[in-house]
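Take a look at the letters that make up each chain.
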Amino acid sequence: MNYQDWLRADRLPHIYCAGCGNGTVINCTLNAVNQIGWAPEDTVFVSGIGCSSRAPGYIITDSLHTTHGRAIPFATGVKLSRPDLHVVVFTGDGDLASIGGNHFIHGCRRNIDLTVVCMNNYIYGMTGGQGSPCTPLGAVTTTTPYGCHEPPFDLASLAVAAGANYVSRWTSYHVQELTRAVKAGLETPGFSLIEAVVQCPTGYGRRNKLREAQDMIAWMRDHAVLLKRWKRMEEEGTPHDPTTFPVGEFVRRNLPVTGVPK
Amino acid sequence: MTRLEFMQGNTACAEGALAAGCRFYGGYPITPSTEIAEHMARKMPKIGGVFAQMEDELASIASVIGASWTGARAMTATSGPGFSLMMENIGYAVMTETPCVVVDVQRGGPSTGQPTRASQGDMMQCRFGSHGDMSIIAVSPASVQEMYELTAEAFNLADRYRVPAFVMTDEIIGHMRERIEVPDSVEIVPRRPLEKGALPFAPGEDDVPGFPAFGHGYGVHVTGLTHDDRGYPSSTDPHVHERLVRRLVGKVEGANREIADYEVTNPDAEVVFVSYGAPARSVAQAVRDLDDERVGHLRLKVVWPFPDFALAAFKNARVFLVPELNLGQIEREIARHTAVPVVPISEIGGELHTPQRLIATAEGYL
Ligand SMILES: Cc1ncc(C[n+]2csc(CCOP(=O)(O)OP(=O)(O)O)c2C)c(N)n1
Ligand code: SF4
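In the order they appear, the protein sequences are chains A and B. In terms of the numbering used here, the first sequence opens at residue 1 and continues consecutively. In terms of the numbering used here, the second sequence opens at residue 1001 and continues consecutively.
The set of hints was computed from the structure by calculation and includes no laboratory data. Please note that a few of the clues may not be correct.
Stated by the list, open to error - The calculated lysine-lysine pairs, modelled on DSS-like cross-linking and capped at a C-alpha distance of 30 Å, are:
#, chain 1, residue 1, chain 2, residue 2
1, B, Lys1043, A, Lys262
2, A, Lys183, A, Lys262
3, A, Lys231, A, Lys183
4, A, Lys262, A, Lys228
5, B, Lys1043, B, Lys1301
6, B, Lys1046, A, Lys262
As the list claims (entries may be wrong) - Ranges between beta-carbon positions, derived for each pair:
#, chain 1, residue 1, chain 2, residue 2, range
7, B, Glu1005, A, Val257, 34 to 40 Å
8, A, Asn102, B, Thr1354, 42 to 48 Å
9, B, Pro1081, A, Gln130, 27 to 33 Å
10, A, Val257, B, Pro1029, 20 to 26 Å
11, A, Gly128, B, Pro1238, 31 to 37 Å
12, A, Val257, B, Leu1225, 29 to 35 Å
13, A, Asp241, B, Gly1217, 48 to 54 Å
14, A, Cys17, B, Pro1081, 37 to 43 Å
15, B, Pro1115, A, Val257, 33 to 39 Å
16, B, Gln1053, A, Ala218, 21 to 27 Å
17, B, Pro1238, A, Ala218, 40 to 46 Å
18, A, Lys231, B, Arg1246, 58 to 64 Å
19, B, Asp1229, A, Glu41, 31 to 37 Å
The structure displayed is predicted, hence computed values, not measured ones. Glycine included, each C-beta is placed from N, C-alpha and C at the ideal position.
Next up, chain A with everything else stripped away, as it sits in the complex (with noise of 0.2 Å):
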């Protein structure tokens, strides 16, 4: 198979804007599942609700999209009930941390065997770009008119603290990279976070001086630093630029786990 056979054709055009991030996440995850060699009738794809959470309606497997928040629990009662299903998560930061924060630290705790891809747009896209538990501080959104001021969530380091197997970060910009670390995911029994960081050029973009899809893919590119090189400027004491964020793998690991086949 090639990844655009899993691919629901009838159901093209998707609903996404032009430039926005979600397709390049979604084709290197199809790309991952692909490379892997998994079959569509033992995939499952679930969503909660949002831009992101449109994914699996775009894919050919058996797909739940559920309710705001809640694809992890849907997704456990899935994987739990079949544990030799293959069981993808796609959510949003909003999804995931707003609405979804408690399941979303339970799902890292149970490290439960599902692998979830995380689509940060850093805003509400699918409701109009409002701030997000995500939201950077200083950004517009319009519901931070004056500039965002409460600190954001680092979803992977929360991930890692509650007990997932598997975390990486990386954004739309590194796409081999983001391959790579779904595939790993899907590998590693347990909890598996993707965080990828994508443009929103509608929701985010627009306001923040990145109107361009291009312009916060450079941003992306420009601010992302590797974990190694993160965690050598701590062990030097090099301050680190707080516009700047870490990429990399931050955790891969064997701690016990629920819902893989006996």
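Fit chain B with the ligands to the known structure of chain A by using the hints.
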């Protein structure tokens, strides 16, 4: 062959579910439903089923719906506050036609109210608590025996109509212990699978589509958005929405007579008690003590869809007396369906109506 046992209502509920083939339980502790979860936690692993203690009630019902899509019979149990938390996902189950069983062991509300006292205050919540137009099925046991039987039956109804089915019980029935006859097996009406090649949400003959379980190559897309027969979102077309929602309501309301389950005592009566759940026990005693053919009893084992036609069984009725553990929920539903006066007999706070009170009320109308 049946086996006699002395059992608590909540245990009987769990046992009825297991007998019906329930193999997934997702729940969160809350009084007075907790013994159901505890019993499931003990039993499920021994029979290859799954017990999951979820992080809250939103997750509990979500996990149940997820499990149901793999084809499993799945259930959760809760009480008032937890029931309220489930409402959004209950609407999702209705919209996606996901069979599942939700047990509400009702306690006194509003809010955290009376955790250890009985009520029937959630009867309207189960019917109308989630947003949008919908129909569901609700049974209401009046004994430990019926906790077993009606819970098992709820799974059949859920699968048959692809709809959430509720066991609307209360603290009295949940916590009381009675002798029950445990049958060797219960009747199981399995979910009808979707025929290969058929569209997953096309109405079919009786408005209930076959079920395309995950992992069988159907490639079905399930969404809570308004969807067409293929399951694809189509949320701005008024015709698609109207056709879908009318079918979801119609498949349950249209089967009202098929789903209905009730008992009629003294059909020629002039003064008629209508009851469900625990108060039915006091009514039965009152009717026995009165020993007067002018006093009758309509006892509902299925409350939703409301069997309005059953009221017509009492041709001579001059008044319907409705004892409930709330300030009049099903009483209002009865009043919608009859020109005969309907009188609520409310009891809130946790005590059951005494037969004496019911007798005195009935005598006032004779
Ligand atoms: C219970 C509930 N609250 C609010 C909403 C409205 N809503 C729809 S999408 C969304 C935000 C989605 O943001 P995110 O998860 O970041 O995804 P994105 O659209 O940015 O990909 C919200 C708040 C909803 N559907 N359900
Ligand atoms: S609003 Fe943003 S996230 Fe949603 S489709 Fe448009 S660009 Fe993508």
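Which numbered hints fail: Hints 4, 11, 16, 19 not satisfied by this model.
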